[in-house]
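Novice: Construct all of the structure, not just a fragment, from the sequences and the given hints.
Protein chains in written order, with the numbering used here: chain H, 419 to 628; chain R, 419 to 628.
In case anyone wonders, no lab produced these hints; they're calculated from the structure.
Some clues are possibly wrong.
Same chains, same names: a pair is fine if it fits in one copy or spans any two.
[Claimed, not checked] Each computed DSS-like pair below joins lysine-lysine, with the alpha-carbon atoms no more than 25 Å apart: (1) LYS609 / LYS547; (2) LYS475 / LYS547; (3) LYS475 / LYS571; (4) LYS560 / LYS547; (5) LYS475 / LYS460; (6) LYS541 / LYS475.
Please read these numbers as outputs of a predicted model, since none were measured by experiment.
For reference, the chains in residue letters:
There are 2 protein chains.
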Amino acid sequence: MPDDLGQSQTVSPKRDAIVAAATELFLDHGFGDVSMDTIAAKAEVSKRTVYSHFENKEQLFEGIMSDACACQAFLGGQFEEDTSVPVDPPEQVLTQLGLAFLGVLGSSEGVALHRLVMAEGSKFPELGKTFYEFGPERLSRKLGEYLEDQTVKGVLRVENFREAAYQYLAMLTMPIMMELTIGVRGPVSEKEIGEIVDASVSTFLRAFTA
Amino acid sequence: MPDDLGQSQTVSPKRDAIVAAATELFLDHGFGDVSMDTIAAKAEVSKRTVYSHFENKEQLFEGIMSDACACQAFLGGQFEEDTSVPVDPPEQVLTQLGLAFLGVLGSSEGVALHRLVMAEGSKFPELGKTFYEFGPERLSRKLGEYLEDQTVKGVLRVENFREAAYQYLAMLTMPIMMELTIGVRGPVSEKEIGEIVDASVSTFLRAFTA
DNA sequence: GTCTATAAAGGGATAGAC
DNA sequence: GTCTATCCCTTTATAGAC
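Specialist: Laid out in structure tokens, this is it:
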């Protein structure tokens with residue numbers, strides 16, 4: 419929970435600078451390869467100031483990255499925040515969701531965050547849980563609800579909603595994630611994203627259309 | 419390529435001990451959190467001996483892990499080494515492949531290796547390429563060939579073979595990988611693996627059976 | 001709160017003897 | 001090839017002045 423609600427308290431610009439610097443550095447180089455000196459230098463602040471705002475390096479890392487996970491808007495378009503289930507036909511909903519999802523996941527920040535969570539997952543279990551909860555967990559639940567609704571309406575014929583949601587997300591994610599996290603290639607073009615989404619929607623609908 | 423072919427050269431047991439110790443330590447704790455002292459101690463060897471066998475820490479890590487990637491038998495059962503395409507019906511081949519694949523991927527070593535490659539991918543690009551080539555790349559190519567053969571025979575109706583192969587592998591992998599690499603849960607039971615494979619085969623065949 | 005300066009510890013790599 | 005001992009640098013974290 420960030421405290422920069424801009425209400426009563428005077429927000430510390432130094433603290434913001436530290437957070438910004440640390441976030442970027444951690445995402446780029448990982449926990450172990452970023453020193454407190456580097457963070458202080460990039461934030462243009464003395465190291466002592468960093469320690470006056472954060473207990474130690476671990477706490478700084480975990481606090482910042484948990485926020486980053488929670489702020490990740492993994493739900494695109496119609497799945498945003500409201501709890502209402504979309505009513506548009508599957509092809510449209512799945513396509514929109516896919517484009518938004520891959521837009522976030524395939525971005526350089528998305529990949530970096532993902533990689534970081536996996537890399538430091540064993541050292542920071544809480545971070546992994548936060549990421550999982552705000553990301554895949556939430557999205558698959560929402561999508562599952564939509565699939566259930568469409569099945570009840572007779573448009574789709576899905577048996578295990580959550581499972582099918584996972585399968586769709588899996589098809590979307592895999593080709594990019596694999597290559598990206600391993601670093602075999604650079605960022606993904608809009609065109610490629612479109613092709614992946616089309617292919618996934620196509621396969622999913624062929625399997626689950628009533 | 420390991421040089422312990424047991425032919426003419428006298429293999430160094432010290433070196434083997436170093437390799438074994440380093441492999442286990444790196445898989446468990448990552449590159450940054452393992453010191454040369456720790457490796458030497460676990461191998462019951464002096465640190466100088468480590469440096470007489472390996473140039474430096476980076477070279478030790480990359481050499482060992484590349485071997486680990488190359489030795490990963492990611493191709494299960496019928497896809498082993500021979501280049502011949504299996505002839506059994508899709509349900510059987512896909513199920514066998516899935517069980518073997520998840521058996522390797524879901525094992526503690528498989529997860530650790532995967533996590534390590536992702537974590538250090540930006541620091542050791544060659545490692546990522548090796549992993550990708552011997553893992554997903556090879557497997558999806560083999561599976562693609564099989565799908566093409568079955569399509570020619572009129573059993574399946576696949577258009578983009580490689581893409582469909584990826585989709586199947588994606589459905590297999592995702593539910594486990596996500597939770598495992600993030601550390602949300604422990605190892606996967608045989609029963610769960612069976613369920614995931616069944617669900618993936620079912621969806622795939624519903625989408626692609628002629 | 002913020003700075004400069006420094007303490008305390010650990011890790012990568014090497015020297016030199018055997 | 002192997003060992004003990006050690007150099008040198010980086011890094012986390014803190015002391016004390018302003």
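Novice: Compare the structure with each hint and give your call.
Specialist: Results of checking the hints against the structure:
1. LYS609 / LYS547: Close across copies (24 Å), not inside one copy (32 Å); limit 25 Å.
2. LYS475 / LYS547: Answer is within: at 20 Å inside a copy they meet the 25 Å cutoff, but 32 Å across does not.
3. LYS475 / LYS571: neither (52 Å within a copy, 60 Å between copies)
4. LYS560 / LYS547: For LYS560 and LYS547, the Cα distance is within 25 Å only inside one copy (18 Å; across copies 35 Å).
5. LYS475 / LYS460: Answer is within: at 15 Å inside a copy they meet the 25 Å cutoff, but 28 Å across does not.
6. LYS541 / LYS475: This pair counts as both: shortest intra-copy Cα distance 13 Å, inter-copy 21 Å.
When held up to the earlier numbered hints, the structure conflicts with hint 3 and nothing else.
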